[in-house]
Amino acid sequence: MTASGPSRTAQILIGAGALLLAALLAWGAAGIPAQAGYAGIGPDFLPWVIAAALAVCGGWLVYEAASGGFRQLDAPSGAPRGDWVALAWVVAGLLANATLIERIGFVLACGACYTLAVHGLRSAQGRRWGGPGQVLLDAVTGLLLAAPVFWLFTRVLDVNLPGLTGTGWL
Amino acid sequence: MEIWSDLLGGFATAATPVNLLWAFVGCAIGTAIGVLPGLGPAVTVAMLLPITAQVEPTASLIFFCGIYIGAMYGGSTTSILLNTPGETGTMVTALEGFRMARHGRAGAALATSAIGSFLAGMVATVLVALFAPAVAEWAVRLGPPEYFGLMLLAFVTVSAVLGRSRLRGLTALFIGLALGLVGIDQITGQVRYTGGIIELMDGFEVVLVAVGLFAVGECLYNALYEGRSVSEINRMGKVHMTRGEWRRSWPAWLRGTAIGFPFGTIPAGGSEIPTFLSYATERKLTRHAEEFGTRGAIEGVAGPEAANNAAVTATLVPLLTLGIPTSVTAAILLSALQNYGLNPGPQLFQTSEALVWALIASLFIGNVMLLVLNLPLVGLWVKLLKIPRAPLYAGILVFATVGVYGMRQSAFDLYLMLAIGLLGVLMRRFDFPVAPVIVGLILGPLAEAQLRNAIAIGQGSAWIFVERPMSLALLLVVAAVLVLPRVLAWRRRA
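Chains as they are written, first to last, in my numbering: chain X, 1 to 170; chain D, 171 to 664.
Simulated from the structure, these hints should not be mistaken for lab results. Just so you know, not all the hints are guaranteed correct.
Partner residues are not named here, just some residues of chain D that face chain X (Cβ under 10 Å, in silico) [stated by the list, open to error]: (1) Val386; (2) Val595; (3) Glu618; (4) Val651.
Being a predicted model, the structure only gives us computed values, none of them experimental. The beta carbon of each residue, even a glycine, is placed where N, CA and C say it ideally should be.
Working from the sequences, and respecting the hints, build out all of it.
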């Protein structure tokens, strides 16, 4: 257990999370018919096994966390405390991307995602906001990155990506 | 000399201009992403998987394998110059290589790692060509119980041997297996764990999980925790080795290759163990013990680099002959083969002989290309290290979108990718290994099918696993891997 590592409480929560997942799996497994047939074991067998195994792992994790913390834990890299604002910006970028991609097309949605994410990552580095000029520059960079990718994948490699127009250019 | 004619046929296929171009682009992309922190070969291949819809199998596999081995060459450059290992397999290189670079010997470290990688890659490819057909011939005789045993072994070694905690490794494995359950059961057609969401009927795409865990997770982790971390770049020197350095390097290369190859072939996965083993060996055998951990010893770079490349190349043996991936990248390659409807396994050597040999031939070609790309042109790649982190990681998200959305054109997958990315952040923060998740996800459904087939063969009885000697032996090995370390630790204390 290192001083800079995640707290004991957080570790217990992680173990509890595994237990919760196990419970969910078991609940789901109960709804799967056995239908074993000639195979001897049916489609519900492995779900039960995994649910049980995860329950054991989760319980053990909680036990380890409660009795001195996770064993052989490498201190995580980076700062001891998270920069949640920066994370929120990047998450916002990804959410914007997922929401917009089928409405305004790949290029524009990715441009928006890039702009938001780069702002978050930069703020994590403790840099001050560069003003609207910076945002514009980022947006242009994002579009200049996304557009060739779009052309390469849709035109050369025939991968389907949504566009705003039917022209194949945007 | 059947192998010879097969191999020559392979060269004939691999050396067509189009395939050479694919190999070259693969090697170049591989080196680039190896150099760049934050992107590994697995996630890169995953992001590029949508091209399997268009490009023919041989070309795309040559391309993907180029990325795979190229990343190992590129990763060592970053380890030496930046001290943040580009890849897990090059972690050990960072130990001595970075110290050498600190003391103005970056050039020698880069040279020994590139030449060592080349030598090991070549030798390992020869060994693959010699052994793989034999293994395939032997593997034809394996039935479902034995396959299940092999897969169990792969599960256990990937999760329990790698990484520091067996408990956390196994937890990660079961999370992967649980993800693998989602969707339609292959045997009965029963729908499991979809919660009525249509998008989940096909299950979790391995691309989605790999890109989420590695690319998106890495980006989120960076925003959350790594903003203030500073990394310093070492000065590059002339890429050159003195005669003394050559003399110290070549035995280490050979030993590294000898250690690395066997580890890659057994379903014990990964290149971490062989690289550490090679490092320990060199440290023990060296006549320059005073340089280890201080000025940086060239053997400590040469051996692990060779071991890494030999192991990486050798993972193709279990992948192609048994259909069992022993590393994350191999798991993704497996999924690429599945996209083409090709089932890796002993039959592959009969049904797709031309493809397999073209792949092996292209490994020879790729290694030559990589030596050229990484020795004279290393300065070019080093420039990539100057890209500031914020645009780099934000740019990665754009590529992640291509890979995940391009797979099946669903915006739902992008939300899922974000969720998996957040899971990746948690796993990294609490030191859970991620490789078992991927291996569990892709191998889980296959293992389940083998398990049920095996029990069907045993007419509903699980005794079949004990009655067949091969499968019994495999089960015993699995038990030993799980229990032995604990017993040894207990005896040492007693």
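For each hint, the structure was consulted:
1. The closest approach between the C-beta of D:Val386 and any C-beta of chain X is roughly 7 Å, which is under the 10 Å cut-off, so the hint is satisfied.
2. For the restraint placing D:Val595 at the interface with chain X, the shortest Cβ-Cβ distance is roughly 8 Å, inside the 10 Å limit, so the hint holds.
3. Checking D:Glu618 against chain X: minimum C-beta separation of about 5 Å stays under 10 Å; hint holds.
4. Here the hint on D:Val651 is broken, as its CB sits about 16 Å from the closest CB of chain X, past 10 Å.
Consistency note: the structure conflicts with earlier hint 4 alone.
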